[in-house]
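Okay, here's what each chain looks like letter by letter:
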Amino acid sequence: MTETDCVECGGTVALHDDYEAGEIVDCETCGVELEVLEASPPVLDRAPELEEDWGE
Amino acid sequence: MSVEIGLLYSRIRRDDKLLLSELRDRGHEVRKVDVRDTTFAVGAAGDTGEATVDDTDDTERATDAVSALAGCDVVLDRCLATSRSVYTTRFAAAYDVPIVNDPETARVCADKVETSLALAAAGVPTPETRVAFDTESALAAVESFGYPCVLKPVVGSWGRLLAKLEGRAAAEAVLEHKATLGHYEHKVFYVQNFVEKPGRDLRVLVCGTEPVAAMSRSGDHWLTNAKRGAETAAFELDDRAAELATAAAEAVGGGLLGVDLMEVGGDGESEYTVHEVNHTVEFEALNDAVETDVPATVVDWLETTHGAGADDTGQVIVE
Chain X
1 MTETDCVECG GTVALHDDYE AGEIVDCETC GVELEVLEAS PPVLDRAPEL
51 EEDWGE
Chain S
1 MSVEIGLLYS RIRRDDKLLL SELRDRGHEV RKVDVRDTTF AVGAAGDTGE
51 ATVDDTDDTE RATDAVSALA GCDVVLDRCL ATSRSVYTTR FAAAYDVPIV
101 NDPETARVCA DKVETSLALA AAGVPTPETR VAFDTESALA AVESFGYPCV
151 LKPVVGSWGR LLAKLEGRAA AEAVLEHKAT LGHYEHKVFY VQNFVEKPGR
201 DLRVLVCGTE PVAAMSRSGD HWLTNAKRGA ETAAFELDDR AAELATAAAE
251 AVGGGLLGVD LMEVGGDGES EYTVHEVNHT VEFEALNDAV ETDVPATVVD
301 WLETTHGAGA DDTGQVIVE
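Taken in order, these protein sequences are the chains called X and S.
For the first sequence, counting from 1, position 17 maps to 17 in the working numbering; every step adds exactly one.
For the second sequence, counting from 1, position 91 maps to 91 in the working numbering; every step adds exactly one.
In short, the hints are calculated from the structure, not lab data.
Here the structure is a predicted model, which is why all the values come from computation and not from measurement.
Where hints are given, some of them may not hold.
[What the hints assert, rightly or not] For lysine to aspartate or glutamate, the following DMTMM-like pairs were computed, each having C-alpha atoms within a straight-line distance of at most 20 Å: (1) Lys187/S x Glu52/X; (2) Lys197/S x Asp220/S; (3) Lys32/S x Glu38/X; (4) Lys17/S x Asp26/X; (5) Lys32/S x Glu20/X; (6) Lys32/S x Asp17/X; (7) Lys17/S x Glu33/X; (8) Lys227/S x Glu49/X; (9) Lys32/S x Asp18/X; (10) Lys17/S x Asp17/X; (11) Lys32/S x Glu35/X; (12) Lys32/S x Glu4/S; (13) Lys17/S x Asp18/X; (14) Lys17/S x Glu20/X; (15) Lys227/S x Asp26/X; (16) Lys187/S x Asp53/X.
[To be verified] Here are some chain S residues the structure puts well away from chain X; computed CB gaps all over 12 Å: (17) Val3; (18) Ala94; (19) Arg130; (20) Ser144; (21) Ala170; (22) Trp222; (23) Ala247.
Built from N, CA and C at the ideal position, the CB exists for glycine as well.
One chain only, chain X, in its complex shape:
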């Protein structure tokens, strides 16, 4: 388990061992969705908002 800081609230975000760049994780403190920009070491930022053409 890897831990890093939430860019929104500064709380601790726990990442599973198999986390991937591009994955979305939730901050359990403030609830914001965070995107893993880089995997090692972990770099997180706020996840993009939903776009109209997303999904299948």
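Starting from the structure of chain X, add chain S where the hints point.
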């Protein structure tokens, strides 16, 4: 035999993680390419130079797609955004890199009008549909079906922006809103007969043209998308449903697809209508609902079509 697989993405969903794990567990080389960080050069086929990384702030993460994809035995398009998917598949094909799905399949599946035309041309039963480009003619199309009927955006998914029109006043309001507030694509009015379904629809995962797993999606709401909270359960395909899933896949060119059907036969009669074919299919809910190991089945198919002994044209072999 190990295969080098590119994965185009902008978000790694649970589906994608399952695929990545399966590919890596089998010893395949996986090259993740975030399309947001990538530029796609026109007329660059055969240029396999080093990745281009500019040192200015705006483009410091931009990677050249030709070098990013060079040498891949196959590239999987897992883009979350349809607009990106349509173009990236075109570029991969232009670079002579085998891509799943084929750009023509992506083009047809990305647009509901194109999908409807392809299904109808192939004789696959699909809901009765009319397209109009003006609110008055759209209202005429709506009235020709009667109420309720359904208005859908030509591009979109997860059941968003679909309207079940219960009467003329609602139809007039929704059409005016779409015409006034919408992107130009929302002025392409795609009107469909409302299909009375038994509280559920069906999702069939197709590899090539073969159905490999299916589930039902049930709910009280008229929209029964898994993303909207519908309950999912394994569904055993009968011969007719399997036949239609195959025919729908063939109609759009085959590939890794999610075919959506509604049951219209009534009690004891197996008849269906195909209302959607998805080209960057999500299978998280399906994998949870069925006994089939979906990512393993998908990778089996990729290995068959692009692994040892695959067609050296690099095209997906449609059985």
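Cross-check of the supplied hints:
no., hint, verdict
1, Lys187/S x Glu52/X, "holds (15 Å)"
2, Lys197/S x Asp220/S, "holds (11 Å)"
3, Lys32/S x Glu38/X, "holds (12 Å)"
4, Lys17/S x Asp26/X, "holds (16 Å)"
5, Lys32/S x Glu20/X, "holds (10 Å)"
6, Lys32/S x Asp17/X, "holds (18 Å)"
7, Lys17/S x Glu33/X, "holds (17 Å)"
8, Lys227/S x Glu49/X, "holds (16 Å)"
9, Lys32/S x Asp18/X, "holds (15 Å)"
10, Lys17/S x Asp17/X, "holds (12 Å)"
11, Lys32/S x Glu35/X, "holds (15 Å)"
12, Lys32/S x Glu4/S, "holds (11 Å)"
13, Lys17/S x Asp18/X, "holds (9 Å)"
14, Lys17/S x Glu20/X, "holds (8 Å)"
15, Lys227/S x Asp26/X, "holds (18 Å)"
16, Lys187/S x Asp53/X, "holds (16 Å)"
17, Val3, "holds (19 Å)"
18, Ala94, "holds (22 Å)"
19, Arg130, "holds (23 Å)"
20, Ser144, "holds (28 Å)"
21, Ala170, "holds (22 Å)"
22, Trp222, "holds (19 Å)"
23, Ala247, "holds (20 Å)"
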